[in-house]
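**Q** Spelled out, the chains give:
There are 4 protein chains.
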Amino acid sequence: MTRTIGIGVIGMGWMGEVHSRAYRAIQDRFHESAFLPRLVICADAVEARAQAAQQRFGFERYTTDWRAVIADPEVEVINVAAPNSMHLEINRAVTQAGKHLLCEKPVGRDPEETILSAAAAREAGVLTAVGYNYRWAPLVQYARKLISEGQLGRITHYHGRFLNGYAADPNGFLSWRFEQEQGLGTLGDLLSHVIDMAHMLAGPITRVTSDKEIFIRQRPIPQPGKGTHYDVGSSDSPKGDVTNEDYVSTLVHFASGARGMLEACRIINGAKCDMSFEIHGTKGAIKWNMERMNELQLQWRNDANPAQDGYTTLLSGPAHPYHQHFNPAWGLNLGYDDLKVIEAYNFLSAVASGQQGEPGFKEALDVAHVQQAIIRSWTSQSWESVGA
Amino acid sequence: MTRTIGIGVIGMGWMGEVHSRAYRAIQDRFHESAFLPRLVICADAVEARAQAAQQRFGFERYTTDWRAVIADPEVEVINVAAPNSMHLEINRAVTQAGKHLLCEKPVGRDPEETILSAAAAREAGVLTAVGYNYRWAPLVQYARKLISEGQLGRITHYHGRFLNGYAADPNGFLSWRFEQEQGLGTLGDLLSHVIDMAHMLAGPITRVTSDKEIFIRQRPIPQPGKGTHYDVGSSDSPKGDVTNEDYVSTLVHFASGARGMLEACRIINGAKCDMSFEIHGTKGAIKWNMERMNELQLQWRNDANPAQDGYTTLLSGPAHPYHQHFNPAWGLNLGYDDLKVIEAYNFLSAVASGQQGEPGFKEALDVAHVQQAIIRSWTSQSWESVGA
Amino acid sequence: MTRTIGIGVIGMGWMGEVHSRAYRAIQDRFHESAFLPRLVICADAVEARAQAAQQRFGFERYTTDWRAVIADPEVEVINVAAPNSMHLEINRAVTQAGKHLLCEKPVGRDPEETILSAAAAREAGVLTAVGYNYRWAPLVQYARKLISEGQLGRITHYHGRFLNGYAADPNGFLSWRFEQEQGLGTLGDLLSHVIDMAHMLAGPITRVTSDKEIFIRQRPIPQPGKGTHYDVGSSDSPKGDVTNEDYVSTLVHFASGARGMLEACRIINGAKCDMSFEIHGTKGAIKWNMERMNELQLQWRNDANPAQDGYTTLLSGPAHPYHQHFNPAWGLNLGYDDLKVIEAYNFLSAVASGQQGEPGFKEALDVAHVQQAIIRSWTSQSWESVGA
Amino acid sequence: MTRTIGIGVIGMGWMGEVHSRAYRAIQDRFHESAFLPRLVICADAVEARAQAAQQRFGFERYTTDWRAVIADPEVEVINVAAPNSMHLEINRAVTQAGKHLLCEKPVGRDPEETILSAAAAREAGVLTAVGYNYRWAPLVQYARKLISEGQLGRITHYHGRFLNGYAADPNGFLSWRFEQEQGLGTLGDLLSHVIDMAHMLAGPITRVTSDKEIFIRQRPIPQPGKGTHYDVGSSDSPKGDVTNEDYVSTLVHFASGARGMLEACRIINGAKCDMSFEIHGTKGAIKWNMERMNELQLQWRNDANPAQDGYTTLLSGPAHPYHQHFNPAWGLNLGYDDLKVIEAYNFLSAVASGQQGEPGFKEALDVAHVQQAIIRSWTSQSWESVGA
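Here the protein sequences come in this chain order: A, B, C and D. If you count by this note's numbering, then the first sequence holds residues -8 to 379, one letter each, in order. If you count by this note's numbering, then the second sequence holds residues -8 to 379, one letter each, in order. If you count by this note's numbering, then the third sequence holds residues -8 to 379, one letter each, in order. If you count by this note's numbering, then the fourth sequence holds residues -8 to 379, one letter each, in order.
Take the hints with a grain of salt, since some may be wrong.
Same chains, same label: a pair holds when it works inside one copy or across any pair of copies.
Unchecked claim - The calculated lysine to aspartate or glutamate pairs, modelled on DMTMM-like cross-linking and capped at a C-alpha distance of 20 Å, are:
id: 1; residue 1: Lys136; residue 2: Glu349
id: 2; residue 1: Lys274; residue 2: Glu349
id: 3; residue 1: Lys353; residue 2: Glu286
id: 4; residue 1: Lys274; residue 2: Asp227
id: 5; residue 1: Lys230; residue 2: Glu114
id: 6; residue 1: Lys136; residue 2: Glu103
id: 7; residue 1: Lys274; residue 2: Asp160
id: 8; residue 1: Lys353; residue 2: Asp232
id: 9; residue 1: Lys274; residue 2: Glu170
id: 10; residue 1: Lys274; residue 2: Glu103
id: 11; residue 1: Lys136; residue 2: Asp63
id: 12; residue 1: Lys353; residue 2: Asp265
id: 13; residue 1: Lys274; residue 2: Glu204
id: 14; residue 1: Lys353; residue 2: Glu172
id: 15; residue 1: Lys353; residue 2: Glu170
id: 16; residue 1: Lys136; residue 2: Glu172
id: 17; residue 1: Lys136; residue 2: Glu204
Worth flagging that the hints you see were computed from the coordinates, not collected in a lab.
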């Protein structure tokens, strides 16, 4: 007997759409599951957006009041895709209502908010998930499997980064994304993914020393109604100061003894979405980049035949985790949105089984602790222990 | 006022699923459209499969009788994803019923069947579409745009191919795919895509000379219930003869005066889905490969600064056709199934507007004529004119 | 006791320089050899060029009369790098003098000249070599080894090509390279390399059908003293007709039963020196491109673990043939000129041992026979047997 | 009138050979120069090696006493390729003799030795050069030119690294390379190249914080006569401790305000010679990797046409610095040794003109100061100013 899980989605921007689409895809992509998502209600402060999302994704109803989603008796789990500034308040309300939740990343605008959300969830005993979607690429999961089986040997060092150009235009408006008071900059937005990926693949980070910089120090002050970071002003608009970091770089130690370098930047003229890792071990190495999410570079130490030593390029296919839920062939790409389907499936599986999955608020908390240590190191100009 | 288009899907194998999924995605991906697909009924000879598909994709009903789909008064358009051997009969019945249809490729098992289907559609005056899905990659459409604008100059030569390994295992069963009586081999299955792509990008092919070969001459005779080409026998199973081509290569002339080479093979140990083209013109060159469907290689003749001459790698993004319907970012991959959504959208747009779109049976007919000329050249050992 | 081999080089253009440099490098790169080249004399019709070459490469003397090179009693072997139009006459004189010779490719301007040169050498019983230099890349030699050991299984099909842009500028002068009376166009210049490589890697070609085209039909008539194909006229210069082929494409059968496609073009706006091959076999595949001559793509059929199936990129290193003569490390590139050193070494090794090596005039003759069949097929519009 | 420069080479290991070969090539590759190298004398403690080198490269004489090289009145410039442990003593003797010198890197086993060598050269007023050969790839020089012209805009951050596997085998002997007393580990051997490249391309580094690790903590104690780091012991040999770093990572600030990450490791199972940089600026980005030294990745911010935004892959050709001295064509690779020819040419040009060139001991000193700051940061666990 298939169990139905009533879902409410709060916030119908891009991520709200992606999550709604993902839930809707589960009955298709994971049709053999013992549960079925029911898209009960969606919320957005802008009524037209909420209404459009209802039609587009097939929610039973919509609202402009996010509290109505939580209060809805047919909603068992809540998906939080509202602006980051509202995450803490919503997360608290959801957990107080004893409902499970998937919160899009970053859980908090700063580590402290994430810690508060995590505490709230822990106290309430609800199940949580976080939108660290890059984890879910089949070849990333395959990399994880290889590493956990010890096939790379002992991990020696890890390189992770996220290079993105969404803020590369110096005339991009001074939106909330660029204001320290509204939260972290690149450390929150981009490096959080990098830290989480490093944790998943190489284990806990224990020590850090970090650097940061603002490369575009002033931006045009947004005109009313044009505040998103994708809009562009003119070069002679009045300007205000960017107050959070464009760039962050970090040296890290892992609990395992491995070393690492992490880096993120939001003003790249070059790569589009270079969310990538490169991992070296005593028996081999592995590389992946979101821009080619359907490929994995893999190399084994080949003592027997050094003439045939080299990186092998794997293409995503049915022998890799989850791929067969999307197509049965080799060389047919999965897309970005498919990662969100896997994410949603894993969250609902956790809900159906009552077992907390990964990544949940626990993993977001782990990221937050690393972020805190990074921020401390910016001031101390020295190495900082994570969680100390 | 949104117009609703009632859809019936015949055949619920992989392609039937992909098409059903695609229709279902239109209200999301193309939510601003003036029409809305309604998934009325699906059919499969295996009842369990039809029933499962109904649940999975949300059809209103299912049937084991494909004629019931055609007869259904709420079905306005039919999607034919049945086995190739049934295409002609179904296509005839659909067109006789005056309904529009999308037929998965190959329309016919051989060119003659395609010609008959095309004639039936033409006589009935119905709108048609064919599943040449690789056309729909945003960067392929972008390549088409560049070429049609003359940005590559005059096309000099075209290289197209499809290398696939689905039949690479010599112990893969002797399914219908390997029997001449059941239709063409690689010429029908793989080279049809290559021919259609060449037609779209470089215009009509007018002359050909071709070669073919069977590299794996015998295969295990399938045991009852294990007849698909993905199943594998043991090397000591009784074997039968493969009677259609594993490999086909062709030199071609285009009406424009351009020259070309086309090639396809189904027993590749190497590439997974190397459905690719490489086009040279008097001002530049362009390359694309399905294995990296989100990338396009582009080069301009750079007389002004030869030091900066080279192939540029474009990543699919919102400035390319259709991409923004899937995500608003650069560097976030689309997947294979997304191409089918674009295909379905274009088909339904044609239906909604009453205007025949591309690729329809007309384009399949063009492919069939090239296939016929290729087959003639196998016998004549000489160049053959297309359509003569 | 090291044997000294007296060398004369005829023609001190680019290739004459490259060959002279190569001989000079042997005492370094192959210092353990039992022979030592002695650069006796160089010749060029332009005295200043001959004199400059003497100083640059350390010849003992120079001459403007190529016959003096042949007559020189201290010259044991002759290196022919004169204009193609002089090859036959020089080759005949060399062989009549009973001296061994390395002739830069193409040996003849057309197949008939090559046949005559080959006959002359055979009758005289001298040792010969031909400048098919791409053979000598360490990773090409390694590919040859893998194939000959059967590691790719039975070769099924071969793709070879040479895309070059040396004549891409439509205002490049109408030099001798573009005149049929002066010899073949792309078939001689570029496809000869492709044919030779195919012969080496996949064995003799037995049947062909081919196409050709002139894409740039007129070019500026050269002004006196500006006749090389690298010089460029203005677009309003008086023009004359190009009379030999810019482009050639060919389908081939190999004696082994393998099939193939060969292609060459000299007016490419794109690749710079895409002299490449791609070989498929029943157990794997292999790819190489001169533009990345220090890399080889290699794939094995991986039944045991399809999840790790993919092309492996090898970098040239000391485990590959000849590499260690240039450096002892992995990942340190060899250069183009190094291939000529290996070529010269192999020629002199043959001379020292008295054993004819490969590629000699025999291999050039094999290429010529394929070229003849290609030319016949241009007229017959049909398949032609090689050597028939 | 061509000036002759008498050269002595001390140390005839691999680097001594490469340098000797390079000098010998100058009269060919830079034949239009106003100077001519004269290979006067070579020295090696092992007489057979010195003698072999004499024959191989054409030195007029050889010696086993390096002081004899310095004392030789016909030697004007000295090339130091002796073991690192002898550099300081030799450099001092050379400069005291008032002769110019090229010292292979690292100039000193530790920064202090480099500082002493630099001081000696400065006091003596001799001209110096250092073997930071990667600088000399034509496309690296081209990158330098683009950056210095401001074509990348203001540099924001720099990523440089050197991943090499020469010590990847855990059974590689515990040679001098692994002993702190014999000098730095990876910081000296590999990161020195990375620092120098960063200095050349992005200007002086002013602050650093760094990490290091020994990943293979014990290695087999070398047996007599088998002490090089390329030899391999058995896993049950007696072992001793590795006392210098396998791995070093560093965050850096440049004087320009740019930020950076530098990394090096000698125990890589993966890349072979990934000596690479990636530079981001406000107008574009640039990438280069020694493994593909004939390619450069270049991207411009493309506001006018984001659809055509992407990395362009340049191939080394005659429009790039120095390339035409090696061949006149596009797409024909230069090799590693060619970089040493350019290095030697630039050194001798400096000698001929009496003008100190780059990189000289001044640039090695700059590297040493960064290394000192890195070492201090290992202890202080904090940021350190360079040269403070």
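**Q** Taking each numbered hint in turn, which are not upheld by the structure, reported in ascending numerical order?
**A** 2, 3, 5, 6, 8, 9, 10, 11, 12, 14, 15, 16 and 17
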